[in-house]
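Between the sequences and the hints, there should be enough to build the whole structure, so can you do that?
Protein chains: 2
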Amino acid sequence: MDRLIEAIENTQNPSVVGLDPTEALVPPQVVASFADEVRDSVESPEELPAAQLAVAYFEFNRTIIDAIADIVPAVKPQIAMYEALGPAGVDVYTMTCEYAAQQGLYVLGDVKRGDIGSTAAAYAHHLSGVAGGESSETFDPWHEDAVTVNPYLGTDGITPFVEAAAAADKDIFVLVRTSNPSSSELQMLDLADGKKVYEHVADLVEGWGAETVGSHGYSRVGAVVGATHPEEGRALRARLPPTFVLVPGYGAQGGTAQDVAGMFDEQGSGAIVNSSRGIIGAWKKTGKYSESMTADEALGLVADSARQAALDMRDNLRVAVYR
Amino acid sequence: MDRLIEAIENTQNPSVVGLDPTEALVPPQVVASFADEVRDSVESPEELPAAQLAVAYFEFNRTIIDAIADIVPAVKPQIAMYEALGPAGVDVYTMTCEYAAQQGLYVLGDVKRGDIGSTAAAYAHHLSGVAGGESSETFDPWHEDAVTVNPYLGTDGITPFVEAAAAADKDIFVLVRTSNPSSSELQMLDLADGKKVYEHVADLVEGWGAETVGSHGYSRVGAVVGATHPEEGRALRARLPPTFVLVPGYGAQGGTAQDVAGMFDEQGSGAIVNSSRGIIGAWKKTGKYSESMTADEALGLVADSARQAALDMRDNLRVAVYR
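Protein sequences appear in the order of chains B and C. For the first sequence, the UniProt record's numbering begins at 1 and goes up steadily by one. For the second sequence, the UniProt record's numbering begins at 1 and goes up steadily by one.
Just so you know, the hints here were simulated from the structure itself, not pulled from any lab data. Cβ coordinates follow ideal geometry from the N, Cα and C atoms, glycine included. A couple of the hints might just be wrong.
Unchecked claim - The calculated lysine-lysine pairs, modelled on BS3-like cross-linking and capped at a C-alpha distance of 30 angstroms, are:
| hint | chain 1 | residue 1 | chain 2 | residue 2 |
| --- | --- | --- | --- | --- |
| 1 | B | 195 | C | 195 |
| 2 | C | 196 | B | 195 |
| 3 | B | 196 | C | 196 |
| 4 | C | 195 | B | 196 |
As the list claims (entries may be wrong) - Per label pair, the in silico range of CB-to-CB distance:
| hint | chain 1 | residue 1 | chain 2 | residue 2 | range |
| --- | --- | --- | --- | --- | --- |
| 5 | C | 136 | B | 136 | 45 to 55 angstroms |
| 6 | C | 194 | B | 169 | 42 to 52 angstroms |
| 7 | C | 210 | B | 193 | 27 to 37 angstroms |
| 8 | C | 136 | B | 188 | 37 to 47 angstroms |
| 9 | C | 24 | B | 43 | 28 to 38 angstroms |
| 10 | C | 184 | B | 136 | 36 to 46 angstroms |
| 11 | C | 136 | B | 311 | 40 to 50 angstroms |
See the structure below:
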């Protein structure tokens with residue numbers, strides 16, 4: 001986790017921008033501006049909207065990345081938004097990751113993969129890449145510095161990711177206590193031994209990371225803990241000293257800087273807070289958007305609004321965390 | 001689940017062939033035969049092996065599909081094997097799904113997706129496709145009849161998939177008791193109320209499907225229960241009458257026809273058993289392979305061996321299940 005922690009220190013900003021585009025978050029004139037470009041690239045007319053959205057998502061993401069790359073340490077593209085468009089969307093996911101990495105950002109791929117051991121080994125190529133054959137270079141198609149992983153299948157579904165992370169100087173984040181309302185249906189169940197299910201998972205997570213603690217005291221196996229659960233987050237911070245925490249659910253889902261403060265350690269490290277719609281959709285709340293804008297004007301508004309929202313979030317977190 | 005059940009009845013074969021290619025499972029001369037074809041399609045030399053494997057996987061899959069399409073009802077491509085090659089692999093995953101569907105097979109996409117509600121809605125486009133804009137057709141980039149889903153996030157991570165399945169006459173299968181050794185670390189924990197975690201999940205699964213029971217008595221929300229857990233499988237069959245069961249772990253992972261028999265209902269319905277390596281890797285166990293074979297000869301051996309292995313599995317299941 002050292003690279004992420006150092007990127008946070010360099011920016012004095014423990015936040016990550018979620019690059020989760022949807023059709024509603026991209027100004028329509030930006031989407032429309034790609035109509036001609038994609039027309040010859042599709043095989044049948046029903047493919048046009050997905051192809052057009054895919055290229056618009058990349059332009060939108062590039063605009064956001066350029067606007068925030070000097071003030072935030074990391075981005076977290078959510079692959080579901082891209083898979084929703086089919087393989088063309090997956091291409092744009094990888095292009096987004098590559099572009100963000102080129103701009104110096106730590107790229108946290110929110111893919112929530114999880115499977116049995118032999119299959120997890122295949123997914124772990126997200127981190128390890130593919131051997132390059134006669135080329136001495138490894139081919140890294142995904143360009144991710146970390147991925148999120150689901151714990152439901154236990155240790156043998158996690159080990160391949162941990163090994164790939166250690167070999168490639170990368171990290172993983174395991175779902176522990178997710179931000180959504182119904183997460184309690186499973187995660188908050190009381191076990192016979194007195195623990196909650198999520199506490200049991202948390203203890204597994206600490207074990208999975210034990211061999212990979214870096215120079216800042218945190219292992220390569222982080223935990224996902226929603227900002228919507230401030231008390232459990234505080235308890236987990238105390239329970240898992242070597243476990244870095246990724247905190248979704250800030251902003252649009254209701255979490256505040258005060259809610260997440262308890263997930264940081266005494267030095268103001270140990271956690272990074274994600275905001276997606278609050279940053280990339282900030283342009284919709286400015287009152288400055290107009291349908292008559294050109295695509296470039298709309299992207300300019302997207303950029304300015306995203307940067308301001310990212311600065312506001314940074315400043316709010318600094319006040320709450322660097323106490 | 002009606003379409004799958006009818007496909008099983010038509011073939012009298014409750015088995016599904018896992019299309020999970022790996023480099024070790026594709027004869028090397030088949031991979032080598034695509035060296036020239038891909039050379040111009042890559043941007044840098046380290047991409048060559050992945051690009052070459054991707055096209056070889058499709059040729060391999062097509063060979064298997066042609067060899068078994070008249071005797072099995074369904075295939076289950078495991079997307080991890082394709083993601084391991086990057087976006088080019090994902091393309092081949094969708095091409096494989098499309099080709100299998102064209103041959104009349106039910107396509108069960110083993111993607112094990114799971115996320116919070118708004119993100120699950122994006123993943124659910126795997127089933128619903130993308131609106132086709134001015135075209136009246138919906139664009140279906142994934143060509144899946146069903147997907148596997150992870151329950152760790154609770155109801156709001158599942159509902160979008162159930163709604164998409166109902167709208168598109170498709171299905172989902174939720175992980176309940178997976179086949180891998182360490183699955184017990186979480187799934188077998190004792191809850192304070194006396195249930196095991198997997199039993200609690202099983203009860204959630206039954207509830208998630210309750211509104212979607214079809215004409216054969218099974219809902220659109222199936223459960224994944226490993227062949228390596230015959231006693232729990234038998235208990236789940238009794239516990240969840242309207243829940244169809246997908247059974248991985250047969251063959252290479254150790255499950256036998258007797259182990260899975262208890263997961264079927266009294267009419268010999270209610271479950272489908274997956275075999276991956278046992279079918280697609282059957283050529284390696286024949287003793288007939290030779291490095292001097294041409295690519296076409298090797299694919300011929302792959303086809304014959306896969307068909308024979310699929311017939312053997314079908315016959316073993318018929319004896320054990322249609323009792």
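Verification of the hints:
1. Annotation: proposed proximity of residue 195/B to residue 195/C holds, straight-line Cα distance about 15 angstroms (limit 30 angstroms).
2. A distance of roughly 14 angstroms separates the Cα atoms of residue 196/C and residue 195/B; the hinted pair therefore holds under the 30 angstroms criterion.
3. Proximity of residue 196/B to residue 196/C is assessed by CA-CA distance (about 13 angstroms); at most 30 angstroms being required, the pair is judged to hold.
4. With a C-alpha separation of about 14 angstroms, the suggested pair residue 195/C and residue 196/B falls inside the 30 angstroms cut-off, and the hint holds.
5. Between residue 136/C and residue 136/B the beta carbons are some 52 angstroms apart, a value that agrees with the proposed interval 45 to 55 angstroms.
6. Range check, residue 194/C to residue 169/B: Cβ separation about 46 angstroms, and the 42 to 52 angstroms hint holds.
7. A C-beta distance of roughly 32 angstroms is found between residue 210/C and residue 193/B, which places it inside the suggested range of 27 to 37 angstroms.
8. Taken as a hint, the range 37 to 47 angstroms holds for the pair residue 136/C and residue 188/B, whose Cβ atoms sit roughly 46 angstroms apart.
9. At about 33 angstroms, the beta-carbon gap between residue 24/C and residue 43/B stays in the expected band of 28 to 38 angstroms.
10. One distance hint, 36 to 46 angstroms for the beta-carbon pair residue 184/C and residue 136/B, holds here, with the actual separation near 42 angstroms.
11. Against the hinted window of 40 to 50 angstroms, the Cβ-Cβ separation of residue 136/C and residue 311/B comes to about 46 angstroms, which satisfies the hint.
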